[in-house]
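Using the sequences provided together with the hints, build the complete structure.
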Amino acid sequence: MTVSNAGNETIAKSEPSGSSRVIKDFFRSPGAAIGFAVLIIICGLAILAPWISPQNPYDLMQLDIMDGRLAPGSESMKGLVYHLGTDSQGRDILSGILYGLRTSLTVGVVSAIAAALIGTSAGLFAAYTRGRIETGLMRLVDLQLSFPTILMALMMLAVLGKGVTNVVIALIIAEWATYARTVRATALVEREKEYIEAARMLRLPGWRILLRHLLPNCLAPVIVIATMQVARAIGLEATLSFLGLGASVTEPSLGMLISTGYQYLLTGLYWISFFPGVALLITIVAINLVGDRVRDVLNPRNAS
Amino acid sequence: MVTSIIRRLFQALFVILAMTVIVFIGVSVIGNPVDILINPDANQVERARVIAHYGLDEPLWKQYFIFLRGLAQGDFGDSFVYGRPALGLILERLPATLELAIAALGIAIVIGLPLGLYAGLYPSRISSRIIMTGSILGFSLPTFWVGLMLIMIFSVELGWLPTNGRGPTLEFLGGQWSFLTSDGLRHLLLPAFNLALFKTSLILRLTRAGVQEVLPQDYIKFARAKGLRERRIIAVHVLKNLMIPVVTIVGLEFGSLIAFSVVTESIFAWPGMGKLIIDSINLLDRPVIVAYLMMMVLLFVVLNFVIDTCYTILDPRVRLDSKA
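Chains as they are written, first to last, in this note's numbering: chain A, 54 to 357; chain B, 343 to 666.
Because the hints were derived from the structure by calculation, they are not lab data.
Don't take every hint at face value.
[As the list claims (entries may be wrong)] If you want the footprint, here are the derived chain A segments under chain B, 3+ residues with CB under 8 Å:
1) 193–201
2) 292–304
3) 324–330
4) 333–341
Just so you know, even glycine gets a beta-carbon here, dropped at the ideal spot from N, CA and C.
So this is what it looks like as structure tokens:
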């Protein structure tokens, strides 16, 4: 999201093209503008986590078990203030959240991009070649999309075993089909248009038509799905880590933090689960707000 | 119509067969069952005996047919943890999951449909905007975290509702059900509401979109011109036309509710299939994992088949399409 926007902004300065309209349109919605700002802040916090967080919550040397389960605002014996309290290991929740956001965002972005690459290639390829390969690929897509993501992810994790890397792989395998179906549908419409015919008349090589002419015109839906996908992937990773199938206890993860707080919830120690959940919620809402707006802006039907 | 149903039936069978291949390859080839089945301390003789017992020394295609034969007989092998047939374990827990999913679906419809209708009929009212914003929240809130917060508020702080388990159950139609006892109902309330949250938002948005699509149609204008009362127009003309997409989605989403109950069941210690599969993945209980996956495949294929068939019967346009 950030990368593509930065690119668009440079274009916007040099020439008043379609992308400057898109950016202007995007920020016309206050919700999207706020979401975008929040997202930038969250990304910044996640990237800077090692430098700005009060402690490294996954370096056991820095944890003091005597500081375990302190309420938000308490002070440690070394004079460190735990603004959001600590968990049972004496881990500062605020630091845990900052490190956890790194994992969440990485998992979300990596899985969304990888699934988009695979799905888009498959969809384009299917639409361009037609015939048996297309039928086969699309049957596979139909098959996958008839099962919910969480079931596909569980299936993959049952096979691959636990762990964050396996969660990413599971998410990619569970999600590529959405891109493939959408891109194929778009590409089937686009390939009948005159500019493709013109490119064929010029006897451009097939790969060139595919990459330089067909692909750019199929990208809008991919960007929309990918944005929403990041939010879904972050939620799913947290869910799977919560269930004990993703990150292990020694890895930074919001889902894992929430999970460790679960057992203390009944005794009234709410902060271990509560604050990481709030961080997760804010991240997901921000991405969804941005994604919603991107969809509206890129939809040609809404273009004024 | 009969030919199209028969064709769908064959497609469904093909999907099941394809999934058996995928599950088999996944569990038997990518994950090495020998490592899971055999105690790492076992000696060579013991290893060879177990490998022969499970037919793992046979060629792959033969193993697959052994797997298929077991499948056809409902035999997935015994659970390593419980030492009992895997399928039996799952079927035992099926009523708990079904009960949870049905209750959640009911809550989602009862809340989502009227609110969506309202938001669609009066889109400019502030209350409608609040409803729509709330539905975005419903989409974004992580289900498992909401579950924890529900426990915190309603069980820990207020002490109104129990935190886990099904409570007392009664036997009915060969299964154990919570909703038949009042304490069981109290146990059901929080998990069902938790599971329903996401689907409520979905049904709400779907209904609203449907209303806005139906309202500008000529037949609504005609009904107004006839001087029909607003209530009748909504009940007969709007709601009826909403039903096809809503019923389809509700049918499709029922399957995903069962899949998602994995999360809710783990939080509320609800003794259903979902909790069992998570425990089994953690304990590498392969027969139970395979049995669960195949059960879900079967469930989804049957659901899709039923919905497609209903569609063919309900909507003449689909019927005409399949003839052409």
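Taking the hints in turn, this is what the structure says about them:
Beta-carbon proximity to chain B at under 8 Å applies to 4 residues in the stretch 193–201 of chain A; the threshold of 3 is reached and the given coverage holds. Residues of the stretch 292–304 of chain A lying with their CB closer than 8 Å to a CB of chain B number 5, which satisfies the three-residue condition for coverage. Counting residues of the stretch 324–330 of chain A whose CB lies closer than 8 Å to any CB of chain B gives 3, so the stated coverage by that chain holds, three being the minimum. Proximity of the stretch 333–341 of chain A to chain B, defined as three or more residues with a beta carbon under 8 Å from a beta carbon of that chain, is established by the 5 residues found.
Hint check: no violations occur; every hint is consistent with the structure.
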